[in-house]
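Asks: Model the full structure from these sequences, guided by the hints.
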Amino acid sequence: MVPLEGTQKPRAVSKETKAFSDDGEIRWEGGPEGKTCSGCLLYKQAIIRGEVVSVGTSVSVEVDESNELPNIYYIEY
Numbered sequence: 001m002v003p004l005e006g007t008q009k010p011r012a013v014s015k016e017t018k019a020f021s022d023d024g025e026i027r028w029e030g031g032p033e034g035k036t037c038s039g040c041l042l043y044k045q046a047i048i049r050g051e052v053v054s055v056g057t058s059v060s061v062e063v064d065e066s067n068e069l070p071n072i073y074y075i076e077y
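The sequence shown stops at residue 77 when you use our numbering, and every number in between is there.
Watch out, some of these pointers could steer you wrong.
[What the hints assert, rightly or not] EDC-like cross-link-like pairs, simulated, lysine to aspartate or glutamate; straight-line CA separation at most 20 Å:
{"id": "1", "residue 1": "44", "residue 2": "29"}
{"id": "2", "residue 1": "44", "residue 2": "33"}
{"id": "3", "residue 1": "44", "residue 2": "65"}
{"id": "4", "residue 1": "35", "residue 2": "68"}
{"id": "5", "residue 1": "44", "residue 2": "25"}
Hints were generated in silico from the structure; no laboratory data involved.
Replies: Written out as structure tokens, the structure reads:
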């Protein structure tokens, strides 16, 4: 995921922390809803390692064994 530069959005942070296996399973839910200017397909939901990630939510991305604060990304298109 790539954060959008110059965009300030309210960020909801879930207090729930989940550990996942590193199987990297990602699949799109439903059909494409449109395309970006560069022609990439846009979807409303993805399922990442069994968890649904939808447009309008935010996710925290942590790196294992890192002392850095996690990045928070707002999901939009």
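Asks: Hints first: check each against the structure and report whether it holds.
Replies: Here is what the structure says about each hint:
1. 44 to 29: This hinted pair holds, its Cα atoms lying about 7 Å apart.
2. 44 to 33: The hint holds at about 7 Å.
3. 44 to 65: violated (31 Å)
4. 35 to 68: Violated, because 34 Å separates the two Cα atoms, which is more than 20 Å.
5. 44 to 25: Status holds; Cα separation ~17 Å.
Of the numbered hints given earlier, the model fails hints 3 and 4; all others are met.
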